[in-house]
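J.: Once you have looked at the hints, place chain B on chain A.
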Amino acid sequence: METFIKDLRFAVRGLRRTPGFTIAAVLALSLGIGATTAIFSVFHAVLLRSLGFGDEQRLVWVTAEQRGYGWKHGGLSPPEVVTDLRTFPLFEASGGVTRQTASLFTDRAERVDILAVTSGFFEALGVQPTFGRTFTPAEDLKGNDAVVLVSASAWRRRFGADPSVVGRSITLDGRPHQIIGVLPEGFSYDGQRDFYRPIGFSQEQVSNARGYRFIEVVARLKPGVTLETTRKELSALAARIVQDHPNNYPKEFGWGLLADPIRDRFTSTTREPLLVLLGAVLLVLLIACANVANLLLARSAQRGREFAVRAAIGASRARIIRQLLTEGLVMAAAGATLGVMLAMWSLSALLASAPRQIRDLANVRLSALVLAFSIALTGVTTLIFALLPALRASKVDLVSSLKDGAHGSAHGGRLRSFLVAAQVAISIFLLAGAGLMLRSFGRLVSVSPGFEVEGAMTAVLAPAGPTYDMGDGDVGGTLPGYAARRRYFADAIRAASALPGAQAAGGIDRVPTVRGWGQTYFIEGFELRPGEPNPTDEMRFVMPGYFAAMRQPLITGRDFTAADDAKAGPVVIVNQAWVRRYFPGRDVIGKRFRLDELNQTRWRTIVGVVGDAKDAGLDKPAPPVFYLSALQDPPDRLTVVVRGNVSAAALREALAAVDPSEPVDQVRPLEDVLATALAVRRFPLQLLGVFAALALLLSALGIYGVTSYAVAQRTREIGLRIAVGASPAGVVRMVLAGSLRVVGAGLLAGAAGALAGGRLIAAQLYGTTPYDPLTYAAICIVLGLVAVVASGVPALRAARIDPMDALRTE
Amino acid sequence: MAETLIELQNVEKVFLTDEVETHALSNIHLTVKKGEWLAIVGPSGSGKTTLLAILGLLDTATGGSFMIDGKPVRDLSPADRAHVRNKHIGFIFQSFNLIGDLTVFENVELPLTYRGMAPAERKKRVEEALNRVGMSHRSRHMPGQLSGGQQQRVAVARAVAGDPLILLADEPTGNLDSKNGQAVMKLLSELHQAGSTLIMVTHDPAYARLATRTVSLFDGRIVEETGSSAA
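Protein chains in written order, with the numbering used here: chain A, 1 to 810; chain B, 1001 to 1231.
Chain A on its own, in the form it takes in the complex (with noise of 0.2 Å):
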């Protein structure tokens, strides 16, 4: 202990000595170790930090598959939810979960996020109250459903902390609900939310609405029980009820039961960016450590007589290696020191710009163990930077270097190259992945979303008090609450409309990019092939003056009119690619189709086709889709959509006073919408970018430090050609050569090692290949000129050597 004290001692002395080298290299290392431990503690937030259900390793998520369309992890319906899975036997408890929005009233209409869940939800996930209880399967139940569970955090926030909560009551979307108890600090599923309450199903419901599929189940297996079983069990339980009811389960839907760990339910999309991510980053640390591992070797080259001091007066060579590695410990735990502040500081900037589509990233912190994961990394960081050199520093010959007028040995040369040539390959390759993504991003940013996305606003009315009430929610149902949404939203877009400014406006359910409904229907006239079943495909509620408002053009026909409300005959709209994919070059104006739901059997005959919107998403094909009128069949909630120059606040204004009860949401530029979906693409690229810039500085750096030292090391053969007759540019050129020959040894290895594993991003690629010839030829010049600069200064300095001063220092 006191030698490594001595060794610590010493060490840090001759780093305070050394300034220049010190600083850079706890800088490199500060940058590769900070950046490293920030998506460290990202990665550990969201895929490997407990969950915070007990027991969880006995926790799946039951989903449905339709094998006949490809469909995986698809929602389930009441009665598969409430009589067949509850009932199963491998299930010590089970319950059903969905996201819903509801108003709030209190002093004014606010919407708030809710988790709607079936009894036995919470059990399953191994979840007790603070205060009261969970709920019944009475409550399951519409009528007894007038029921509420608050957050811990909402406890606090709106209620103060008040222990009597319990029994008191809130409105949600114009209903009393009765506060039945307060869940326990930290609790969240998937994401926070302030209040849990039933789904409520009817009763008609639970017996047969096997085709209203929007559940996901969490269960908890019985003690002993493996997944494997589960599995079996369940496909074996899937066949009976497909056997059972035949109508709802034909055949060519291939439909199953899934069983996964409830991990996956939260880490499946996320885990493959992650890795990337990680990956990434530890490579920029791979670089920072082979940039130290130079800058320590030059050092040691020039420290070559004070090993060699040692070694004579009885050193061993695995004492100076200890010696050594001290030192570099000593840096490496600057350099996490500074890592770790750069972490923090660099962590709210990330969080900042991450999607809120990933979950957990609200609980990113540096914990205890991300810190730990730190201090493991400064060790392993030392050893693989410092034990190369190391290594070779302690294999000194000792009758050279212990010789008068011995200069530091220019051994080591060709290691130093090759490390150099080892950053400029890790560079390339993460050059290539940014440059890739950025490409793609910029090829996605430059689709046509087929409507106009600058100068409109938007918002979305989800009425939902009891005026509004649509029972089932079936499309064409007939309560009065769909009546009065078809008033609530003409008045709305009247509302917009009468704007100051406002050119058109129009709404639908949910605008491009955001996720609609599937719907299977009848198409009259199309033959389908023997076991093909009817088509699904997405269907969308607009109201009169969308498309306008959208400038979605109008192909052929017309748009829907004020007349086509609920006593008009039921009329359609499509789009170019449900015309090609069902008719291919005919006119389907007067053609009809059916929704294929019990109750549907009215005929709707399509009177336009409009141009493709890129409903899925700007990263996929339009999909066909089908629009039905929001007069005839009003929808669950409304994106109201204004062209023209108008004010979030005028439009927040407007529509709230159509209906003061009712909140108005999400009042946002359209940009803004589409914005979101891209915010998932964004969040790599950026962090991909950052790691690739540090990646290329780090590089230039190594390139800029060996060929200086090259250079230093030559001075006197430098000196002598000049004497001789060599021109300044001779020497540069000479110099330059050398320094690019190592680059260009690199750029090779590098861009082979992009191409072997392109395949890693390339299923966050849109528009491009991972071997996309422009962008390899773009990276390469980009690091070429770097290159020639960060080599080209210490080229000029030689050409600059006075050669009688370059004779006389020997």
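Just so you know, these hints were derived from the structure itself, not from any lab.
It cannot be assumed that every hint is accurate.
Have a look at the derived ranges for each label pair, beta carbon to beta carbon [claimed, not checked]: (1) A:S727 <-> B:L1016: 35 to 41 Å; (2) B:T1017 <-> A:T337: 45 to 51 Å; (3) A:A737 <-> B:L1016: 31 to 37 Å; (4) B:D1018 <-> A:G413: 38 to 44 Å; (5) B:S1136 <-> A:R16: 22 to 28 Å; (6) A:G279 <-> B:D1018: 42 to 48 Å; (7) A:D802 <-> B:K1071: 52 to 58 Å; (8) A:I5 <-> B:T1017: 41 to 47 Å; (9) A:T337 <-> B:G1070: 51 to 57 Å; (10) A:A752 <-> B:T1017: 34 to 40 Å; (11) B:D1018 <-> A:D802: 29 to 35 Å.
Idealized CB from N, CA, C, for every residue including glycine.
T.: Structure of chain B alone, referenced to chain A:
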């Protein structure tokens, strides 16, 4: 009759450069007794420094046998050689070779640290050694703050602090002016009189005369020996 401390039999050193053999040392027979002061002289390139490096276990002989204190040392492993250097040999170099980042005290202490000696014992020995060379008042200084003569005195202190069997000095006055050179030689004389065994490479015949015996090298061979090996 004094005990034999070093015995070289038919030692040779051959360097291979681009398949060209260079015989740096040939047929070296040399015996050094305890308490003896041996000077090795010869023109540049005669093999003096190579011989000293072999004697100090900094380099290995290509052939022949080499014993220190009756034990063969030619084929020792690098770790064992380091151990022998640390325990039995003290070096004094022409260019002092102090470590610039260590204080005078720490430089002298370094070989004792490598020996694993207890801190109190180390302190005592370092203070004694610095006293012996008259540098105890500079123990907290860095080498860069000392004159050449002072640095060489510190180097001598470092060499003797571990109480080695042999002191090897390679042109110990080569980088010093005559006054400092004489002072260092006086110090070496005192060490010899106190019983140390000294082997010194020098160009200077006047300093060589201070030794009890002189060996002259030419083209890697011992061509002349003067003086007596009896200490």
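J.: Evaluate each hint against the coordinates.
T.: Structure-based check of each hint:
1. Taken as a hint, the range 35 to 41 Å holds for the pair A:S727 and B:L1016, whose Cβ atoms sit roughly 39 Å apart.
2. In this structure the hint that B:T1017 and A:T337 lie 45 to 51 Å apart at CB holds, the actual value being about 49 Å.
3. The hint said 31 to 37 Å for the Cβ distance between A:A737 and B:L1016, and at roughly 33 Å that hint holds.
4. The hinted range of 38 to 44 Å is not satisfied by B:D1018 and A:G413, whose Cβ atoms lie roughly 19 Å apart.
5. For the pair B:S1136 and A:R16, the beta carbons lie near 27 Å from each other, so the given range of 22 to 28 Å is met.
6. Distance hint for A:G279 and B:D1018: a CB-CB separation of about 47 Å, consistent with the stated range 42 to 48 Å.
7. Checked against the hint of 52 to 58 Å, the C-beta distance between A:D802 and B:K1071 comes to roughly 55 Å, which is consistent with it.
8. For the hinted restraint 41 to 47 Å between A:I5 and B:T1017, the CB-CB distance of approximately 44 Å keeps it satisfied.
9. At roughly 54 Å, the beta carbons of A:T337 and B:G1070 sit within the given window of 51 to 57 Å.
10. Checked against the hint of 34 to 40 Å, the C-beta distance between A:A752 and B:T1017 comes to roughly 39 Å, which is consistent with it.
11. Take B:D1018 and A:D802: their Cβ atoms lie about 33 Å apart, and the range 29 to 35 Å holds.
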